[in-house]
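Enquirer: Produce the complete structure using the sequences and hints provided.
Now for the letters of each chain:
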Amino acid sequence: MSKHHKKYKKYVQKKVFTSPGTLEYVGKDVPIDTVVKLVEFNDEIYQQKIVKSISECQLSPIETHVNWLDVDGVHEVHIVEEIGKHYHLHPLLLEDVLNTEQKPKLEHFGEQNIFVIMKMLQFNEALNEVETEHVALVLGKNYVVSFQEMHKSDVFAPIFARLKASVGKTRKGKADYLFYSLCDLVVDNYFVVLEKFSEKLEELEIKIIENPHRDDQTALYELRRELMQIRKAVLPLRDIFGTLTRESSELIHPNTIIYLRDVYDHILQTLETIESYREMIENIQNIYLTSLSNKMNSVMKTLTVFTAIFMPLTFIAGIYGMNFDNMPELHHPNGYFYTLGSMIVISIILWIYFKWKKYV
Amino acid sequence: MSKHHKKYKKYVQKKVFTSPGTLEYVGKDVPIDTVVKLVEFNDEIYQQKIVKSISECQLSPIETHVNWLDVDGVHEVHIVEEIGKHYHLHPLLLEDVLNTEQKPKLEHFGEQNIFVIMKMLQFNEALNEVETEHVALVLGKNYVVSFQEMHKSDVFAPIFARLKASVGKTRKGKADYLFYSLCDLVVDNYFVVLEKFSEKLEELEIKIIENPHRDDQTALYELRRELMQIRKAVLPLRDIFGTLTRESSELIHPNTIIYLRDVYDHILQTLETIESYREMIENIQNIYLTSLSNKMNSVMKTLTVFTAIFMPLTFIAGIYGMNFDNMPELHHPNGYFYTLGSMIVISIILWIYFKWKKYV
Amino acid sequence: MSKHHKKYKKYVQKKVFTSPGTLEYVGKDVPIDTVVKLVEFNDEIYQQKIVKSISECQLSPIETHVNWLDVDGVHEVHIVEEIGKHYHLHPLLLEDVLNTEQKPKLEHFGEQNIFVIMKMLQFNEALNEVETEHVALVLGKNYVVSFQEMHKSDVFAPIFARLKASVGKTRKGKADYLFYSLCDLVVDNYFVVLEKFSEKLEELEIKIIENPHRDDQTALYELRRELMQIRKAVLPLRDIFGTLTRESSELIHPNTIIYLRDVYDHILQTLETIESYREMIENIQNIYLTSLSNKMNSVMKTLTVFTAIFMPLTFIAGIYGMNFDNMPELHHPNGYFYTLGSMIVISIILWIYFKWKKYV
Amino acid sequence: MSKHHKKYKKYVQKKVFTSPGTLEYVGKDVPIDTVVKLVEFNDEIYQQKIVKSISECQLSPIETHVNWLDVDGVHEVHIVEEIGKHYHLHPLLLEDVLNTEQKPKLEHFGEQNIFVIMKMLQFNEALNEVETEHVALVLGKNYVVSFQEMHKSDVFAPIFARLKASVGKTRKGKADYLFYSLCDLVVDNYFVVLEKFSEKLEELEIKIIENPHRDDQTALYELRRELMQIRKAVLPLRDIFGTLTRESSELIHPNTIIYLRDVYDHILQTLETIESYREMIENIQNIYLTSLSNKMNSVMKTLTVFTAIFMPLTFIAGIYGMNFDNMPELHHPNGYFYTLGSMIVISIILWIYFKWKKYV
Amino acid sequence: MSKHHKKYKKYVQKKVFTSPGTLEYVGKDVPIDTVVKLVEFNDEIYQQKIVKSISECQLSPIETHVNWLDVDGVHEVHIVEEIGKHYHLHPLLLEDVLNTEQKPKLEHFGEQNIFVIMKMLQFNEALNEVETEHVALVLGKNYVVSFQEMHKSDVFAPIFARLKASVGKTRKGKADYLFYSLCDLVVDNYFVVLEKFSEKLEELEIKIIENPHRDDQTALYELRRELMQIRKAVLPLRDIFGTLTRESSELIHPNTIIYLRDVYDHILQTLETIESYREMIENIQNIYLTSLSNKMNSVMKTLTVFTAIFMPLTFIAGIYGMNFDNMPELHHPNGYFYTLGSMIVISIILWIYFKWKKYV
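In order, the protein sequences belong to chains A, B, C, D and E. No gaps in the numbering here: position 15 of the first sequence is 100 in my numbering, and each next residue is one more. No gaps in the numbering here: position 83 of the second sequence is 168 in my numbering, and each next residue is one more. No gaps in the numbering here: position 126 of the third sequence is 211 in my numbering, and each next residue is one more. No gaps in the numbering here: position 87 of the fourth sequence is 172 in my numbering, and each next residue is one more. No gaps in the numbering here: position 149 of the fifth sequence is 234 in my numbering, and each next residue is one more.
By construction, these hints were calculated from the structure, which means they are not laboratory data. Among the clues, some could well be false.
Copies of the same chain are indistinguishable here, so a pair counts whether it falls within one copy or spans any two.
DSSO-like cross-link-like pairs, simulated, lysine-lysine; straight-line CA separation at most 30 Å [unchecked claim]:
hint: 1; residue 1: LYS380; residue 2: LYS137
hint: 2; residue 1: LYS281; residue 2: LYS113
hint: 3; residue 1: LYS113; residue 2: LYS254
hint: 4; residue 1: LYS237; residue 2: LYS188
hint: 5; residue 1: LYS440; residue 2: LYS257
hint: 6; residue 1: LYS442; residue 2: LYS254
hint: 7; residue 1: LYS285; residue 2: LYS443
hint: 8; residue 1: LYS285; residue 2: LYS380
hint: 9; residue 1: LYS137; residue 2: LYS281
hint: 10; residue 1: LYS188; residue 2: LYS285
hint: 11; residue 1: LYS113; residue 2: LYS292
hint: 12; residue 1: LYS292; residue 2: LYS134
hint: 13; residue 1: LYS285; residue 2: LYS137
hint: 14; residue 1: LYS443; residue 2: LYS254
hint: 15; residue 1: LYS285; residue 2: LYS442
hint: 16; residue 1: LYS134; residue 2: LYS259
hint: 17; residue 1: LYS226; residue 2: LYS440
hint: 18; residue 1: LYS443; residue 2: LYS380
hint: 19; residue 1: LYS137; residue 2: LYS317
hint: 20; residue 1: LYS440; residue 2: LYS380
hint: 21; residue 1: LYS190; residue 2: LYS237
hint: 22; residue 1: LYS442; residue 2: LYS257
hint: 23; residue 1: LYS190; residue 2: LYS254
hint: 24; residue 1: LYS281; residue 2: LYS259
Expert: Below, the structure is given as structure tokens:
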């Protein structure tokens with residue numbers, strides 16, 4: 086929790102005591118410089134360049150060309166601010182771009198911009214945990230501006246590759262189709278993350294069914310938290326894409342709607358999978374608790390059997406250890422052996438009794 | 086889980102790194118060839134043929150004839166693709182046909198096609214588990230195209246038989262009535278599967294009420310998972326058929342709507358049954374846990390009775406096993422017998438006490 | 086469960102492999118013949134006859150007369166079929182009439198018929214369980230056709246009696262008022278059944294609070310199932326009568342709507358009562374479990390007190406039963422009595438200690 | 086439960102076997118006569134009289150005067166019936182007035198009457214329980230008819246007093262404002278009852294946290310039932326007053342709507358409080374159960390410490406109580422003291438071990 | 086609870102027995118005088134004064150100036166009443182201002198006023214608990230009246246500071262923007278409070294996972310109550326700001342709506358965080374209970390191992406402590422040592438057995 090916590094704290098400190106609408110970065114410290122890439126393409130040409138200064142961000146004058154400005158890193162406030170001015174983006178939009186704690190949202194800024202915030206999830210194999218990356222997409226008339234939290238790898242790399250290679254429909258599509266491709270990429274990654282999750286869950290499930298251990302409870306708790314984190318990233322998307330596919334906007338061509346509906350379907354599927362994992366965790370938890378009770382029962386039975394067999398025997402031995410002057414059995418030549426014999430008989434009877442009661 | 090898991094993995098690997106809209110099969114490997122059947126009928130004639138090449142798929146020019154193209158197996162992408170081109174089906178529709186992991190959905194492609202994905206459930210007696218089969222139905226003006234995941238048996242066999250035998254209303258109906266018949270068949274099968282499920286549940290219920298065993302918890306868990314699987318297949322159909330019966334479409338005649346409403350009613354009934362089974366599992370789980378506690382109580386009582394009776398007796402025996410020089414009772418001629426007598430009295434009193442406390 | 090189960094099986098076998106729309110009886114075997122009664126009345130006259138052949142079912146030509154055809158028994162398919170043809174009832178309506186497993190539903194067949202399926206519940210004193218009876222009502226312009234599953238007694242007997250005796254508003258009303266009276270009768274019976282249920286629940290509640298027994302868990306489970314059965318019969322009626330009171334139909338006069346709203350209110354009240362019983366069962370279940378824990382605690386304390394008191398004493402006795410040559414206490418003339426005294430002191434101290442710890 | 090039960094039974098017996106719409110009293114037997122008061126007032130005059138015969142119930146001919154007929158007692162059917170005829174009230178309305186088991190409801194009878202049933206709750210200090218009183222209000226053009234179940238005290242006494250004293254807005258208001266004042270009084274009483282409830286809950290909470298006792302479970306159960314009873318009275322009012330404040334009616338002036346919205350707000354607040362008490366009961370239940378487990382743990386630890394310390398010691402004593410011929414230690418002059426010493430050492434070590442394991 | 090309780094009581098006593106609409110203060114006693122500040126500003130000028138008498142509250146005649154009357158303390162009824170008359174505020178509005186127990190609400194008084202009640206939450210470090218402060222905001226054409234429960238510090242201090250310093254957009258905005266800034270401040274404080282809460286929760290979580298103690302249950306219970314308190318303050322705001330951003334009013338400029346939507350987003354985020362904390366508490370509760378069971382298991386195992394090892398040994402010692410005349414083993418010269426040896430062997434075997442059963 087502490088990691089999350091620290092980011093949150095920062096947000097609180099910065100946010101509360103400043104005027105609303107003031108631009109400020111909320112998120113982890115990033116030591117590297119922001120990288121801004123500008124791509125211009127249609128089905129015939131493809132140009133990509135690294136933008137050094139804001140003046141190079143000029144949109145292509147050719148209306149049929151699609152422009153994509155990809156901003157990798159949102160920790161340098163002035164860069165985001167300049168881009169915002171250049172593209173006439175609303176200050177609240179920029180505030181949300183800079184706040185990596187902002188939950189997924191959809192905002193229409195008139196007919197000028199559609200603005201979507203999503204959470205890219207990626208499984209970090211090294212740390213064995215899910216990492217959340219803040220992604221903000223702005224769709225304009227013939228351009229897309231994408232902001233991503235700075236990270237080891239560019240999350241949109243597959244789209245760049247696909248555009249360059251000119252495979253699929255991506256190059257033939259307009260800005261709205263590119264927008265869809267980016268959303269689709271983010272949502273598809275949820276499947277990958279959930280797959281990893283399901284592997285961990287399955288492992289734990291087998292372990293608990295076979296031989297539950299007291300640490301498993303904590304492991305289960307960790308998985309539940311991880312699932313909550315994933316769910317938090319996906320759940321708001323249901324409403325967002327539900328709205329996107331229902332409402333008509335000049336920025337999204339009706340032909341693209343059917344593709345967005347496909348993304349919407351995938352989100353529903355993801356949520357359903359999350360829900361079923363949640364139920365599974367609940368069930369595994371039950372199995373764990375029941376197995377604890379079963380174990381307790383088994384321990385109790387062991388104790389009872391030992392006690393109930395040896396107590397009477399010890400008692401008999403105690404009887405003949407008494408020092409009364411007149412104890413006729415003691416002087417019988419086979420008294421000892423008869424006593425041993427009756428002890429054996431008693432223990433056999435008790436054993437059978439407990440066998441019948443399913444104690445052993 | 087592992088079986089499901091593998092399919093899922095495949096989906097993930099293939100899907101994420103390809104352009105959206107690229108056709109690809111997602112599902113189990115199937116070694117057999119796809120079988121495509123074309124049926125043409127009205128209330129007077131009935132013709133059925135196995136289609137060898139795509140050119141044979143020509144729809145009948147007579148408008149009043151109903152054409153049914155049944156594609157048994159969706160693992161050969163090129164076949165599905167060719168059929169798609171031939172019938173002008175939307176690429177996303179084909180993508181869903183090929184993805185056997187796709188959850189049930191309804192899609193209108195203008196006034197040209199109504200597209201439904203359902204999950205056929207069948208109980209596999211050999212494996213004692215429920216098998217899910219991917220079924221996709223496309224309704225056009227005077228034709229139906231049905232896709233089914235390749236399986237041992239053709240799931241639509243009863244419809245073929247009924248059409249051939251010319252019983253019932255099926256032959257007199259148009260394409261929408263055939264479409265309804267196919268949906269009805271899938272939904273009716275849910276009753277069969279739930280019946281099997283109820284048998285297994287009933288068996289376990291009796292076993293747990295009579296004599297709970299620690300493996301029953303796992304069995305209950307398995308049943309819960311199976312029910313979740315069934316529910317996952319049925320739940321989305323509620324919305325789908327709710328929409329189908331409400332919205333008007335040129336492809337579905339108002340007279341057929343009342344039949345679809347019947348299917349909708351069956352789906353509601355199925356869901357209600359699933360919900361009641363779910364509640365039953367919950368209750369059986371409670372009974373199991375309570376019986377564990379009851380058992381524990383009973384074990385504890387046994388232990389307590391044995392301990393509480395023999396401890397005082399052993400103590401008395403211990404007293405007279407002491408070696409003090411001056412212990413007057415030891416020299417009484419009947420001391421031993423008095424002692425034995427008082428031991429019997431004490432144990433009888435304790436026994437009555439525990440009887441009164443309902444310990445024995 | 087087995088009883089329910091058998092009926093269900095029959096449904097499955099018959100239904101799945103026949104063409105949809107084929108008429109078939111689904112339900113218990115009934116050895117007696119169907120009884121069909123035709124009643125014709127207005128506020129002045131009242132005629133009742135047992136119908137022998139279908140030709141006698143002719144509706145009265147006088148429009149102001151109300152006709153009521155009461156079909157007692159739905160197991161003879163041909164009778165239902167003939168009546169259906171005679172009154173021009175839709176095949177799907179007849180299918181639902183014959184399927185005693187069909188859950189409650191409301192169907193409008195144009196402006197010609199309103200069709201309602203309800204479940205009559207009756208408490209069988211002999212078997213100490215609730216019995217469900219399938220009731221189907223068809224409201225036409227000036228007639229009502231009622232179908233009831235064959236049973237010992239005619240469930241509509243009170244209505245017949247009331248009509249004959251000409252008490253209340255029933256004779257003055259039209260067909261829609263008769264329809265309302267029949268619905269009202271069915272719903273009022275739910276109160277009777279719930280009253281019986283509440284008696285059983287109350288009995289069990291007192292028993293569990295006073296002295297819980299391990300069979301009570303099973304009894305509670307049975308009650309829960311019974312409540313689920315009742316709820317299943319009542320729940321769909323909420324929507325049905327909600328719709329009936331909202332939607333306007335030529336068949337139901339606005340004056341009757343207010344009466345139907347009264348039925349609707351009773352249904353809501355019934356559902357609320359069911360919900361409160363459900364919560365009560367939940368709470369009784371909790372009390373039961375808690376009392377188990379309490380009992381366990383009490384058993385454990387008994388065990389602990391016995392063990393903790395006698396263990397030290399036995400140990401002391403053991404000490405002086407040792408055979409060392411040099412044990413000075415043994416030769417003290419009052420050693421034995423001092424030892425006995427200290428044993429008494431120790432047990433008193435321990436007793437006080439456990440008293441203080443609330444163990445005894 | 087039995088008390089409630091008896092009333093319920095009566096309802097069932099009377100209701101089911103009579104024609105719907107027949108007037109009949111359902112409720113507790115009341116030995117006293119009904120008291121009917123008629124008040125006529127405007128902001129200047131105030132007249133109050135006890136009505137002896139129905140002919141005295143005449144409404145004031147002056148339109149600006151407000152008439153309030155307060156019927157204290159609904160067990161005399163003929164009185165209610167006569168009033169109903171006099172004021173042209175619908176038979177179903179009267180039926181609901183007479184049925185003290187009727188849950189809260191709102192009914193519009195055209196533009197003539199608004200009819201509301203509420204439950205007055207009062208805390209009976211003597212019986213330490215909440216009492217429910219049936220209250221029915223009929224709002225007409227310039228009159229209000231209020232029916233109340235006969236009770237020790239007139240629940241509307243404060244309103245009478247306020248009208249007489251001419252304080253507040255009540256005298257200046259019209260019939261709808263009087264209607265609002267009556268509703269407001271009933272709802273304000275919920276706060277008083279909930280306050281009493283909160284006192285009891287708080288008391289129990291402190292008791293359970295400090296020293297849980299087995300009777301507390303039953304006490305908690307009683308509180309839960311009481312809360313359910315309160316909730317049953319309040320919950321339907323949310324919809325009723327929601328509707329009253331939304332729908333426009335000629336009987337309620339728009340200026341009064343804002344006051345009814347205030348009542349609505351209080352109802353929401355009451356429901357929220359109920360919900361929070363419900364959650365608190367749930368939590369206290371958890372604390373109780375956990376403390377049971379904690380106690381059990383503590384008992385078990387005591388048992389374990391006693392057993393584990395004295396068992397080895399007794400065993401050692403047993404060793405040297407054996408009668409072997411050749412046991413060299415026995416003849417050592419200090420053997421006894423060495424043995425005692427080692428026993429002390431062993432018990433100290435075990436004590437430290439259990440101290441470390443947090444058993445003591 | 087007692088603190089809350091006392092305030093509640095006061096409310097009940099005062100409220101129930103007075104005419105509705107009578108102004109009365111409900112809340113804690115406050116010994117200090119109310120402070121009323123009047124601010125007048127536009128983007129150029131800023132004037133602030135402490136109001137001594139009500140005649141100084143005159144709104145600025147210049148329409149483009151924004152007036153803000155901040156009333157710090159609502160315990161002096163006459164002051165609130167005078168302000169109400171001066172600004173023509175509705176009596177019910179004033180009643181809500183004075184009732185510090187009133188839950189958050191939104192009320193439109195025609196096109197004249199928008200009235201919002203919120204709860205300011207602040208974490209009191211000294212008492213280590215969350216304090217709730219009643220805040221009421223009235224938005225008029227070119228003025229805002231804010232009421233706040235008297236408290237150590239003025240909660241709106243940051244806004245005053247910002248206005249004075251002329252930073253951000255606040256000075257350029259109209260009354261609706263000021264209104265937004267005040268709402269935003271209240272909502273932003275929820276983040277601070279939740280951060281504190283999360284710290285406490287995290288601390289407890291770590292403690293319980295590492296080493297659960299019986300007091301932790303009570304601590305968890307306290308946290309749950311605190312969260313309930315926070316939730317109660319925030320939950321109604323969702324509807325309130327949902328309505329504010331949807332409905333159009335002349336008092337709120339469309340440009341401000343987008344800012345209010347931002348507040349709405351923060352509220353959603355807060356609620357989501359609360360929900361996730363709630364789930365976390367639930368999970369920690371589970372971990373606690375499970376760890377109790379685990380501990381019990383461990384205690385039981387210790388007991389069982391001790392008992393099961395020493396019981397047989399003591400029994401053997403008992404055997405050879407018997408005083409039979411004829412016990413050949415006793416006279417064997419090494420009998421004693423053989424016996425000791427076999428005791429060691431038996432205890433090793435038992436130890437291995439319990440090791441294998443995972444008891445030690």
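Enquirer: With 30 Å as the alpha-carbon cut-off, assign the pair LYS226 and LYS440 to within, between, both or neither.
Expert: This pair counts as neither: shortest intra-copy Cα distance 81 Å, inter-copy 73 Å.
Enquirer: Taking 30 Å as the upper bound on the Cα-Cα distance, should LYS443 and LYS380 be classified as within, between, both, or neither?
Expert: Both: 14 Å inside a copy, 11 Å across copies.
Enquirer: When Cα atoms must be at most 30 Å apart, do LYS137 and LYS317 count as within-copy, between-copy, both, or neither?
Expert: neither (36 Å within a copy, 50 Å between copies)
Enquirer: Between LYS440 and LYS380, at a C-alpha cutoff of 30 Å, which is it: within one copy, between copies, both, or neither?
Expert: both (18 Å within a copy, 15 Å between copies)
Enquirer: Checking LYS190 and LYS254: alpha-carbon separation at most 30 Å within a copy, between copies, both or neither?
Expert: Classified as both: same-chain Cα gap 27 Å, cross-chain 24 Å, threshold 30 Å.
Enquirer: Is it within, between, both, or neither for LYS190 and LYS237, if the alpha carbons may be no more than 30 Å apart?
Expert: within (25 Å within a copy, 38 Å between copies)
Enquirer: With identical chains, the pair LYS281 and LYS113 could be close in the same copy or across copies; at 30 Å between alpha carbons, which is it: within, between, both, or neither?
Expert: Intra 25 Å, inter 20 Å, cutoff 30 Å: intra and inter.
Enquirer: Within, between, both or neither: how does the pair LYS237, LYS188 come out at a Cα-Cα threshold of 30 Å?
Expert: within (22 Å within a copy, 34 Å between copies)
Enquirer: Up to 30 Å between alpha-carbons, please classify LYS443 paired with LYS254: within, between, both or neither.
Expert: neither (69 Å within a copy, 61 Å between copies)
Enquirer: Between the shortest in-copy and the shortest cross-copy C-alpha distance, which are at most 30 Å for LYS380 and LYS137: within, between, both, or neither?
Expert: Classified as neither: same-chain Cα gap 66 Å, cross-chain 62 Å, threshold 30 Å.
Enquirer: Is it within, between, both, or neither for LYS134 and LYS259, if the alpha carbons may be no more than 30 Å apart?
Expert: within (19 Å within a copy, 44 Å between copies)
Enquirer: Can you give me the call for LYS113 and LYS292, within, between, both or neither, at a CA distance of at most 30 Å?
Expert: between (36 Å within a copy, 27 Å between copies)
Violated hints, listed in ascending order, are 1, 5, 6, 9, 12, 13, 14, 17, 19, 22, 24; each of the other numbered hints is respected by the structure.
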